[in-house]
Amino acid sequence: ETGVTQTPRHLVMGMTNKKSLKCEQHLGHNAMYWYKQSAKKPLELMFVYNFKEQTENNSVPSRFSPECPNSSHLFLHLHTLQPEDSALYLCASSQVAGGGYEQYFGPGTRLTVT
Amino acid sequence: QQQVKQSPQSLIVQKGGISIINCAYENTAFDYFPWYQQFPGKGPALLIAIRPDVSEKKEGRFTISFNKSAKQFSLHIMDSQPGDSATYFCAAAKTSYDKVIFGPGTSLSVIP
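Line by line, the protein sequences give chains A and B.
Using our numbering, the letters of the first sequence correspond one by one to residues 5 to 118.
Using our numbering, the letters of the second sequence correspond one by one to residues 4 to 115.
Careful, some of the hints might be misleading.
Unchecked claim - Sample of chain B residues facing chain A (criterion: CB under 7 angstroms; computed from the structure):
#	residue
1	32
2	35
3	46
4	49
5	97
6	102
Said to hold, decoys possible - With beta-carbon atoms standing in for the labels, derived distance ranges:
#	chain 1	residue 1	chain 2	residue 2	range
7	B	64	A	88	13 to 23 angstroms
8	A	12	B	56	39 to 49 angstroms
9	A	90	B	112	21 to 31 angstroms
10	A	62	B	112	28 to 38 angstroms
11	A	43	B	81	40 to 50 angstroms
12	A	9	B	6	28 to 38 angstroms
What the hints contain is simulated information worked out from the structure, not anything from laboratory work.
C-beta atoms are modelled at their ideal positions from N, C-alpha and C, and glycine is treated no differently.
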């Protein structure tokens, strides 16, 4: 595997379900990110982890819970989501956190909340 | 409030033509301006980036023009090809330890 991988690629869940999204980067980077991508809207930064420590939480509702056990893996735990949470969730990584460092994105998880 | 504005929302260009996407920002502290390209089913990928100490940067058929005084920058795709059909995002950041702010994106279709 190379680059940034995300699983699953597609997920349909009910509002009462609990599920998790997984991201893994094979680039030796130290920063990882979760973004939400909705149609015709800018990418919304959700969380930033730098050297496994959360450095940014962009006022994300508590029904989204991130976990970063090491610099290569990032999870997004989901529970009691709302239909408006349906979107493409993108994971990214960079050498370190910061605007001057190129971010490498995974292919995303297409989430549908029913 | 969008910190990075982008236009047009969608663009149709004939093969061989020039595609032009414009962006504007407000925060004068931004000093790193990347452009990302996203194909369907894929995540965004860095295409080209510029810092405000230069007014233009060219990589192959892709050129960024930067106007610091107007706080505007644009992407020109010369000799546009059907394979360039994708969504393009401009973005801005402070190069110090800070997040990247993305524009809303432009959907480009290059027709034969």
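Consistency of the hints with the structure:
Hint on residue 32 of chain B is violated. Least Cβ distance to chain A is approximately 10 angstroms, over the 7 angstroms limit. Of the supplied interface hints, the one on residue 35 of chain B holds, with its beta-carbon coming within about 5 angstroms of a beta-carbon of chain A, less than 7 angstroms. The closest approach between the C-beta of residue 46 of chain B and any C-beta of chain A is roughly 3 angstroms, which is under the 7 angstroms cut-off, so the hint is satisfied. Restraint check, residue 49 of chain B versus chain A: the minimum CB separation of about 5 angstroms is within 7 angstroms; hint holds.
Annotation: residue 97 of chain B was flagged as interfacial toward chain A, and the flag holds, the nearest CB pair being 5 angstroms apart, inside 7 angstroms. The criterion of a C-beta within 7 angstroms of any C-beta in chain A is met by residue 102 of chain B, whose closest approach is roughly 5 angstroms, and the hint holds. Between residue 64 of chain B and residue 88 of chain A the beta carbons are some 39 angstroms apart, a value that contradicts the proposed interval 13 to 23 angstroms. Between residue 12 of chain A and residue 56 of chain B the C-beta distance comes to about 43 angstroms, which sits within the given range of 39 to 49 angstroms.
Residue 90 of chain A and residue 112 of chain B have their C-beta atoms about 25 angstroms apart, which keeps the hinted 21 to 31 angstroms range intact. Restraint check, residue 62 of chain A to residue 112 of chain B: a C-beta distance of roughly 32 angstroms satisfies the suggested window 28 to 38 angstroms. One distance hint, 40 to 50 angstroms for the beta-carbon pair residue 43 of chain A and residue 81 of chain B, is violated here, with the actual separation near 29 angstroms. At roughly 30 angstroms, the beta-carbon separation of residue 9 of chain A and residue 6 of chain B lies within the given 28 to 38 angstroms, and the hint holds.
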